[in-house]
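Colleague: For reference, the chains in residue letters:
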Amino acid sequence: MGASVRPSFSEGLGGEQGWPKALRGRGPQAVSGILTALGRAGLWSPRRQLLLATWQALSRALVTMDAESLLLSLELASGSGQGLSPDRRASLLTSLLLVKRDYRYDRVLFWGRILGLVADYYIAQGLSEDQLAPRKTLYSLNCMEWSLLPPATEEMMAQTSVVKGRFMGDPSHEYEHTELQKINEGGKVFEEEVVVQIKEETRLVSIIDQIDKAVAIIPRGALFKTPFGPIHVNRTFEGLSLSEAKKLSSYFHFREPVQLKNKTLLEKADLDPSLDFMDSLEHDIPKGSWSIQMERGNALVVLRSLLWPGLTFFHAPRTKNCGYIYVGTGEKNIDLPFML
Amino acid sequence: MEDSTSPKREKANQDPREAGQPWEEVTAASSQGLESGLSEPLELEQGLETGPQPRSPPQSPQSRASIPLDDLTGPGASYPPSPPQEASYTPSPPALARQDLAVPWPSDKTTSVNPEAGTPHFHHLEQSSDKGESTASHTFQSEGSTFRQSQQTKHHLYGPEDVNYNNSKQKELRFNIFQDEDSNSNYDLDYAEPGVSELAPSMLEITIQSAKAYLQKTSSKSGLNLYDHLSDMLAKVLDERPENAVDIIESISQDVKMGHFRKKLDTLQNENEMLPTYEIAEKQRALFLQGNLEGADQELEDEIAENALPNVMESAFYFEQAGVGLGTDETYRIFLALKQLTDTHPIQRCRFWGKILGLEMNYIVAEVEFREGEDEEDVEEEDVTEERDDADSEADEDDEDQLPRTFYKTPQAIPKEENRTGANKYVYFVCNEPGRPWVKLPSVMPAQIVTARKIKKFFTGRLDAPIISYPPFPGNESNYLRAQIARISAGTHVSPLGFYQFGEEEGEEEEEVEGRRDSFEENPDFEGIQVIDLVESLSNWVHHVQHILSQGRCNWFNPIQKSEEEEEEEDEEKEEEKGEEPDYTEQEVGPPLLTPISEDLEIQNIPPWTTRLSSNLIPQYAVAVLRSNLWPGAYAFSNGKKFENFYIGWGHKYSPDNYTPPALPPVYQEYPSGAELTEMDDPTVEEEQAFRAAQEAAVLSAEENEETEEDEEEDDYDQE
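Residue numbers (the working numbering), protein chains in the order written: chain A, 136 to 475; chain B, 273 to 992.
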């Protein structure tokens with residue numbers, strides 16, 4: 136069996152998961168001895184370090200549209216028909232630089248555009264300097280003045296899940312939602328209609344977060360995981376080969392794995408732990424929620440999400456060029472099962 | 273010889289890596305620990321080469337003598353004095369081989385490997401000694417014609433490190449990790465002996481060690497180190513023996529690094545994977561060559577063709593101002609494809625309608641109008657189906673067993689609109705990619721539009737794909753595509769007010785409905801509308817494609833009228849209406865042509881259109897952009913004088929609510945329920961007597977009126 140210097144990672148079970156191969160199958164004393172030694176050196180703080188490092192690496196990755204490569208990326212993503220007008224492009228290139236300076240971001244990525252009835256939201260994401268913090272999301276209505284959005288919370292998700300319909304394009308617009316609330320008064324329980332006001336800004340935050348979690352993707356091999364858990368940009372990533380690029384299994388969800396832990400050992404047998412540490416698109420539900428197409432005579436592979444119509448991922452096989460952009464109404468396609 | 277040996281050598285090269293790997297995992301962050309781990313493979317290889325060769329004692333003094341630096345033993349004194357090296361060394365190689373490879377090394381292979389495998393080591397040596405700035409390396413080189421000697425020297429070079437390992441507790445710990453459990457003791461012993469046996473190291477050795485330590489420093493990012501990388505690279509070079517290796521050393525380095533992420537199993541590569549690329553390039557080449565192929569004598573045709581060909585690039589420019597549209601490159605290819613279309617078909621007018629995204633492929637849609645008299649008629653599929661229905665009903669009549677007959681009368685199919693009218697005003701051509709053949713879509717039938725409104729399916733990109741849906745769609749994807757195109761056109765094709773006017777020759781009396789005209793022409797006196805007015809008021813935009821009625825036609829077709837004239841039995845209703853009143857069908861009236869879009873209906877409080885100026889920075893040259901909210905992806909622009917409509921999207925209508933497939937119709941009645949089937953109570957005696965009295969009274973009256981005799985008889989039967 137051909138081994139290599141690739142940082143291999145234990146595919147072990149349960150508690151041992153994430154331990155280097157060398158630690159497996161050894162007596163508890165040996166393991167604890169090593170851990171103590173490492174812990175003394177401040178190197179082993181398993182879960183936490185892994186999470187932080189994931190964020191660190193993910194945020195540094197080559198995904199989404201970097202402000203510098205914006206023009207090329209827009210050209211590659213133009214097959215979906217949604218681009219930016221020249222004045223928007225120019226103002227983005229200018230204002231994102233200033234955003235980078237003013238907010239002291241390491242990098243600023245252009246994320247996409249949410250079409251509103253009155254105006255469109257232009258979304259950018261900033262990566263802060265310490266690289267450990269989650270991405271900061273900014274929006275702008277005119278591509279020049281950017282406002283920071285708060286981070287998404289569970290509460291926001293629940294609150295905004297009742298809103299449907301289009302975005303207005305006015306962050307202070309308030310959606311009204313009447314809901315029945317049970318009120319307990321003196322032992323009597325009765326229901327009362329309560330009108331809940333939901334700000335569009337809150338909805339915007341929640342939608343962006345949902346889209347990022349559901350359909351942000353990267354090609355396999357663009358990132359790799361070192362034995363200790365940190366995830367790095369794979370500098371030797373030269374793009375997928377053409378045959379790989381046509382398979383959904385070559386693309387990963389750009390988020391903490393959810394499905395991976397539920398896989399059986401048999402399914403995991405073929406996985407390369409240093410590369411396959413995220414969920415692949417292969418088993419997305421419903422089946423067929425991605426449209427994968429070769430464009431420009433196989434020179435470009437384009438993935439379009441059918442669940443969140445408007446998200447276009449592009450990758451030129453055998454090059455490092457890849458990224459995604461969202462231009463859409465910010466609505467999930469819940470009719471998808473009927474449409475396939 | 274090389275062929276047979278190379279895989280094995282590769283194995284030998286890889287194994288140390290594998291062995292070294294766990295080290296890196298554990299000590300990824302501590303660079304110090306790594307040196308020890310990484311010198312391991314070298315030691316191992318060394319062992320392999322030297323193992324089968326019986327070494328004679330006289331050689332070792334000789335080789336030791338070849339290091340002229342014995343007297344520089346400054347720090348080396350810290351190492352414990354050692355017994356003679358050779359005695360302990362000879363057993364160690366087999367032991368190493370057993371531990372790490374667990375494969376007996378065939379002697380014939382070793383001999384074949386040795387000459388070549390010796391070379392990289394020599395390289396290492398040279399390299400490290402160069403750093404040490406010592407003359408020793410030159411000595412080796414001059415004497416280096418014998419491999420044994422160089423190998424021997426290496427033992428000496430590595431010797432002190434072995435001592436190092438054993439001296440530090442930390443490293444010993446790692447040894448434990450490195451090894452399998454059972455071989456632990458064995459290993460330590462083997463190592464300890466040569467280490468102890470080593471004489472005090474020289475200054476050169478220290479320098480070499482520190483240089484090597486530096487090279488073996490693990491990258492904090494990738495977990496690799498330069499030392500291993502260089503040795504891998506050299507091994508690769510020697511394996512493959514490329515020509516002019518020095519010129520491609522960068523890519524070899526890159527290859528080696530990428531090799532870490534490549535599965536070794538994937539030896540089968542699809543060599544033909546580039547074929548489709550060439551295929552489409554070849555097809556598109558034809559597009560670029562078509563201009564040259566035409567002779568100058570065809571000027572007349574060219575003239576017509578040019579008239580038909582729209583200026584796609586100009587429209588694309590304006591749409592780009594609006595932030596919509598395909599890339600310039602793709603647009604140009606579509607432009608060329610349209611040129612090909614207009615050149616090969618008798619086309620009066622052509623327009624780039626838009627692009628419909630599909631799951632596997634996309635559709636590029638061209639809207640064309642044939643020249644007069646050049647229409648190519650479609651096969652009337654409708655007639656075929658009707659005939660089949662008739663045949664079925666005749667068969668039923670002949671059936672003697674009197675099977676229960678269905679009372680369901682299929683509503684008469686609404687006839688499709690003639691070419692050049694209504695929903696079939698234009699002909700549509702589609703192709704998947706510029707360069708691929710254009711395919712003409714069949715004309716649309718009302719039933720298809722009606723069903724298309726009830727379903728929501730993604731396009732696949734294959735025209736012959738079946739549409740599996742409920743309610744069943746009459747036709748395949750090409751029909752569905754055509755129906756959606758008709759719906760989108762009817763809903764979203766708009767023009768500035770006044771650009772078109774009604775044709776004067778079309779008399780109103782020709783149409784049955786007052787105010788309904790389906791023909792318009794360009795207004796030669798159109799002076800343009802201020803862009804700002806177009807943005808601010810929707811009433812400055814008008815629909816120039818007829819509204820499609822719920823019947824599925826643009827011009828209402830009265831089914832009743834026809835039924836009276838032609839077939840009396842088959843009176844039927846429109847599909848939309850419940851149809852219990854066969855003698856009266858309300859005529860459907862849609863908004864007339866050139867109705868301002870300000871009268872469009874809202875979609876649950878969502879305005880149907882969004883207007884804006886393409887640029888707020890330079891408004892004086894901006895264009896007005898109209899975006900449909902009902903058909904996401906439909907756009908229109910106007911700069912006051914010109915306008916264009918464009919669609920790019922999935923071909924679905926917007927609805928804020930979930931799609932709900934229509935409910936199944938109620939179960940059809942199997943037979944007519946009548947008196948003879950209805951259960952009722954037996955009459956009581958009183959009732960019978962009363963009934964008889966009534967009968968007798970009736971008989972009396974019947975005597976007066978003879979016509980009622982038959983009734984009497986029937987009544988008698990009933991009474992029995």
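It is worth saying that the hints were derived from the structure and are not from the lab. Note that the Cβ used here is the ideal one computed from N, Cα and C, for glycine as well. Wrong hints could be hidden among the right ones.
[Unchecked claim] Capping the alpha-carbon separation at 30 Å, the derived lysine-lysine pairs in DSSO-like fashion look like this:
#: 1; chain 1: B; residue 1: Lys726; chain 2: A; residue 2: Lys467
#: 2; chain 1: A; residue 1: Lys455; chain 2: B; residue 2: Lys728
#: 3; chain 1: A; residue 1: Lys382; chain 2: B; residue 2: Lys728
#: 4; chain 1: A; residue 1: Lys334; chain 2: B; residue 2: Lys925
#: 5; chain 1: B; residue 1: Lys697; chain 2: B; residue 2: Lys925
[As the list claims (entries may be wrong)] Here are some chain A residues pointing at chain B (derived, C-beta under 8 Å):
#: 6; residue: Gly216
#: 7; residue: Gly218
#: 8; residue: Lys299
#: 9; residue: Gly300
#: 10; residue: Pro306
#: 11; residue: Gly432
#: 12; residue: Ala434
#: 13; residue: Leu435
#: 14; residue: Leu441
#: 15; residue: Thr464
#: 16; residue: Asp470
[Unchecked claim] Derived contacts from chain A toward chain B, CB cut-off under 7 Å, selection only:
#: 17; residue: Ser213
#: 18; residue: Leu219
#: 19; residue: Leu252
#: 20; residue: Arg301
#: 21; residue: Glu335
#: 22; residue: Thr361
#: 23; residue: Phe412
#: 24; residue: Asn433
#: 25; residue: Met474
Colleague: Are the hints correct? Go through all of them and say.
Modeller: Hint-by-hint comparison with the structure:
no.: 1; hint: B:Lys726 <-> A:Lys467; in the structure: holds (20 Å)
no.: 2; hint: A:Lys455 <-> B:Lys728; in the structure: violated (37 Å)
no.: 3; hint: A:Lys382 <-> B:Lys728; in the structure: holds (26 Å)
no.: 4; hint: A:Lys334 <-> B:Lys925; in the structure: holds (27 Å)
no.: 5; hint: B:Lys697 <-> B:Lys925; in the structure: holds (22 Å)
no.: 6; hint: Gly216; in the structure: holds (3 Å)
no.: 7; hint: Gly218; in the structure: holds (6 Å)
no.: 8; hint: Lys299; in the structure: holds (6 Å)
no.: 9; hint: Gly300; in the structure: holds (5 Å)
no.: 10; hint: Pro306; in the structure: violated (17 Å)
no.: 11; hint: Gly432; in the structure: holds (4 Å)
no.: 12; hint: Ala434; in the structure: holds (7 Å)
no.: 13; hint: Leu435; in the structure: violated (10 Å)
no.: 14; hint: Leu441; in the structure: holds (7 Å)
no.: 15; hint: Thr464; in the structure: holds (6 Å)
no.: 16; hint: Asp470; in the structure: holds (4 Å)
no.: 17; hint: Ser213; in the structure: holds (4 Å)
no.: 18; hint: Leu219; in the structure: holds (5 Å)
no.: 19; hint: Leu252; in the structure: holds (6 Å)
no.: 20; hint: Arg301; in the structure: holds (6 Å)
no.: 21; hint: Glu335; in the structure: violated (14 Å)
no.: 22; hint: Thr361; in the structure: holds (5 Å)
no.: 23; hint: Phe412; in the structure: violated (13 Å)
no.: 24; hint: Asn433; in the structure: holds (4 Å)
no.: 25; hint: Met474; in the structure: holds (5 Å)
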